[in-house]
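The chain contents come next:
There are 2 protein chains.
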Amino acid sequence: MAKIIECIPNFSEGQDQAIIEGLVTVAKGVPGVTLLDYSSDASHNRSVFTLVGDVEGIQEAAFQLVKFASEKIDMTKHHGEHPRMGATDVVPFVPIKDVTVAECVEVSKNVAERINHELSIPIFLYEDSAQKPDRVNLARIRKGQFEGMTEKLKQPEWAPDYGEAKIHPTAGVTAVGARMPLVAFNVNLDTDNIDIANKIAKIVRGSSGGFKYCKGIGVMLEDRNIAQVSMNMVNYEGTPLYRVVETIRFEAKRYGVNIIGSEVIGLTPAKALIDSAEYYLQIEAFDYGKQVLENHLLN
Amino acid sequence: MAKIIECIPNFSEGQDQAIIEGLVTVAKGVPGVTLLDYSSDASHNRSVFTLVGDVEGIQEAAFQLVKFASEKIDMTKHHGEHPRMGATDVVPFVPIKDVTVAECVEVSKNVAERINHELSIPIFLYEDSAQKPDRVNLARIRKGQFEGMTEKLKQPEWAPDYGEAKIHPTAGVTAVGARMPLVAFNVNLDTDNIDIANKIAKIVRGSSGGFKYCKGIGVMLEDRNIAQVSMNMVNYEGTPLYRVVETIRFEAKRYGVNIIGSEVIGLTPAKALIDSAEYYLQIEAFDYGKQVLENHLLN
Numbered sequence: 001m002a003k004i005i006e007c008i009p010n011f012s013e014g015q016d017q018a019i020i021e022g023l024v025t026v027a028k029g030v031p032g033v034t035l036l037d038y039s040s041d042a043s044h045n046r047s048v049f050t051l052v053g054d055v056e057g058i059q060e061a062a063f064q065l066v067k068f069a070s071e072k073i074d075m076t077k078h079h080g081e082h083p084r085m086g087a088t089d090v091v092p093f094v095p096i097k098d099v100t101v102a103e104c105v106e107v108s109k110n111v112a113e114r115i116n117h118e119l120s121i122p123i124f125l126y127e128d129s130a131q132k133p134d135r136v137n138l139a140r141i142r143k144g145q146f147e148g149m150t151e152k153l154k155q156p157e158w159a160p161d162y163g164e165a166k167i168h169p170t171a172g173v174t175a176v177g178a179r180m181p182l183v184a185f186n187v188n189l190d191t192d193n194i195d196i197a198n199k200i201a202k203i204v205r206g207s208s209g210g211f212k213y214c215k216g217i218g219v220m221l222e223d224r225n226i227a228q229v230s231m232n233m234v235n236y237e238g239t240p241l242y243r244v245v246e247t248i249r250f251e252a253k254r255y256g257v258n259i260i261g262s263e264v265i266g267l268t269p270a271k272a273l274i275d276s277a278e279y280y281l282q283i284e285a286f287d288y289g290k291q292v293l294e295n296h297l298l299n
Numbered sequence: 001m002a003k004i005i006e007c008i009p010n011f012s013e014g015q016d017q018a019i020i021e022g023l024v025t026v027a028k029g030v031p032g033v034t035l036l037d038y039s040s041d042a043s044h045n046r047s048v049f050t051l052v053g054d055v056e057g058i059q060e061a062a063f064q065l066v067k068f069a070s071e072k073i074d075m076t077k078h079h080g081e082h083p084r085m086g087a088t089d090v091v092p093f094v095p096i097k098d099v100t101v102a103e104c105v106e107v108s109k110n111v112a113e114r115i116n117h118e119l120s121i122p123i124f125l126y127e128d129s130a131q132k133p134d135r136v137n138l139a140r141i142r143k144g145q146f147e148g149m150t151e152k153l154k155q156p157e158w159a160p161d162y163g164e165a166k167i168h169p170t171a172g173v174t175a176v177g178a179r180m181p182l183v184a185f186n187v188n189l190d191t192d193n194i195d196i197a198n199k200i201a202k203i204v205r206g207s208s209g210g211f212k213y214c215k216g217i218g219v220m221l222e223d224r225n226i227a228q229v230s231m232n233m234v235n236y237e238g239t240p241l242y243r244v245v246e247t248i249r250f251e252a253k254r255y256g257v258n259i260i261g262s263e264v265i266g267l268t269p270a271k272a273l274i275d276s277a278e279y280y281l282q283i284e285a286f287d288y289g290k291q292v293l294e295n296h297l298l299n
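Chain order of the listed sequences is A and B. For the first sequence, counting from 1, position 299 maps to 299 in UniProt numbering; every step adds exactly one. For the second sequence, counting from 1, position 158 maps to 158 in UniProt numbering; every step adds exactly one.
Chain A with its partners taken away, still in its complex shape (with noise of 0.2 Å):
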């Protein structure tokens, strides 16, 4: 079976429908790589595109898109109510099939090094891939955005994971990264008080002492009129779906409050709904590799 791994590159570049579509010519054109999906969003001026392959496919089409993003996208002239440091801002590769994370980190470094050698865009590493604390979250590393970044990588502590102290003028700078599949997750309350799902949600979130894998806040679904717990589950296997809906459910009832359903928002692993199914059914030594039947049919 050959291993799989998508990528989800983000560039700041939402409204050029030329621009867009040149991107979609150049993911498509690399042999072992399939693009699943892309989306623009105008007000953000940015674009997100989710690709699969094979560890060498993937590995080329990032590096192919970075390159038509940098000699595109200007990000002098950028403007977008999205944070952003560089033309493509992020590049994260997540493993989907018979790959790990540390695998996925070794194929970011190759991207990084590659782009930093060959646009000389200066990469930092994040998440899974990043080598020290403070830059494991992108949104510490990209505080100043595009605009600045070049003070910033002067600073001996922001110095890029490769490349020299000096944004690429028109590119900027790129953040590179391994992480696990993020699943976008929310739970819905017969509540019309915020602050019940505000609380709930500070109490399953790991930030605040809950679950580490589990970031989450409160909002307001104006049209239904419920609050709702909003979270990103960015690693389903450390912290399952299934403990953090018990949870919610056993801290909602202090307040006399019910979870009316969830949601599930784009795309998740079969894998993170297995797990789930597993816990309700009591499913005993359940082999997912081996019984689920699709897992025979992918290669």
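Keep in mind that the hints were calculated from the coordinates and are not lab data. Among the hints, a few may not be true.
Since the list can't tell identical chains apart, any single copy or any two copies may satisfy a pair.
Stated by the list, open to error - Computed list of lysine-lysine pairs in BS3-like fashion (alpha-carbon distance at most 25 Å, straight line):
{"id": "1", "residue 1": "Lys109", "residue 2": "Lys132"}
{"id": "2", "residue 1": "Lys28", "residue 2": "Lys290"}
{"id": "3", "residue 1": "Lys3", "residue 2": "Lys28"}
{"id": "4", "residue 1": "Lys202", "residue 2": "Lys143"}
{"id": "5", "residue 1": "Lys3", "residue 2": "Lys97"}
{"id": "6", "residue 1": "Lys290", "residue 2": "Lys97"}
{"id": "7", "residue 1": "Lys290", "residue 2": "Lys3"}
Here the structure of chain A is known, so what remains is to put chain B in place on it, guided by the hints.
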């Protein structure tokens, strides 16, 4: 995305390695088809092959396997514990991806016609391909076994669906049909009283008034000294796994008995488990085809 069909032919040979390996060679030689698994049981004197492939490939592979079996297996000399009526006893086709049961019924008819036309083996269509209600159930078709088929086929109500009322002298009779994927699913109880497992099995199985697509019996797990409700879920969309688990749970309570675990035996489609995750996690408006990442990788 390509359509994927599974085929699980059962052959009346579980001892002669040369014949079994010959079947393996045939299966592996058909383009567009992958042999996922095969297993032989010497006391049953029977082998079960599991193949997946595209619509053309799976039909060709099924035919070539039946042809090889008809040339190598002599039913007049066959002995084994498992009921059987042909060198190839039964050939089910199962929809796996982007294909309906109705399309698998068409596939089964194509293969049935070709087997009869080229090999002169009479065919019964069974399960979802059955042309009469009393031919849905394989056990009813097979009753009398190979030795009784010569007389059985002479009865007007048991005229084959393809071919004359005359068995193939050495290859006997074969059943061909389409069905949903089957999930072998057992629920373990914290009691050593098999009567309770039997009573609950009777409640959940369709044949005695329970769920239409559930077959079940009570069995004793001697090594663990616990009783089990052992089930075949013959259509996990019609009767989801969580529904029988929750029913078993509330029926067992009457006896002060609890569920201590469950088992999935062998392969299961991912969707059979994800449907249950959706229920327990209360996921709203989940789109299995679009939101499960792996579904975009299969082609």
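Cα distance capped at 25 Å. Does Lys109 pair with Lys132 within a copy, between copies, both, or neither?
within (14 Å within a copy, 63 Å between copies)
Are the CA atoms of Lys3 and Lys97 at most 25 Å apart within a copy, between copies, both, or neither?
both (6 Å within a copy, 21 Å between copies)
Between the shortest in-copy and the shortest cross-copy C-alpha distance, which are at most 25 Å for Lys290 and Lys97: within, between, both, or neither?
Both, since 13 Å and 18 Å are each at most 25 Å.
With identical chains treated as interchangeable, where does the CA-CA distance between Lys290 and Lys3 reach 25 Å or less: within a copy, between copies, both, or neither?
both (16 Å within a copy, 22 Å between copies)
When Cα atoms must be at most 25 Å apart, do Lys202 and Lys143 count as within-copy, between-copy, both, or neither?
Cα proximity of Lys202 and Lys143: one copy only (24 Å, versus 64 Å across).
How would you label the pair Lys3, Lys28 (within, between, both, or neither) given a Cα cut-off of 25 Å?
both (19 Å within a copy, 22 Å between copies)
What label fits Lys28 with Lys290 when the C-alpha limit is 25 Å: within, between, both, or neither?
Answer is between; shortest inter-copy Cα gap is 20 Å, intra-copy 32 Å.
Comparing the model with each earlier hint shows no violations; every hint is respected.
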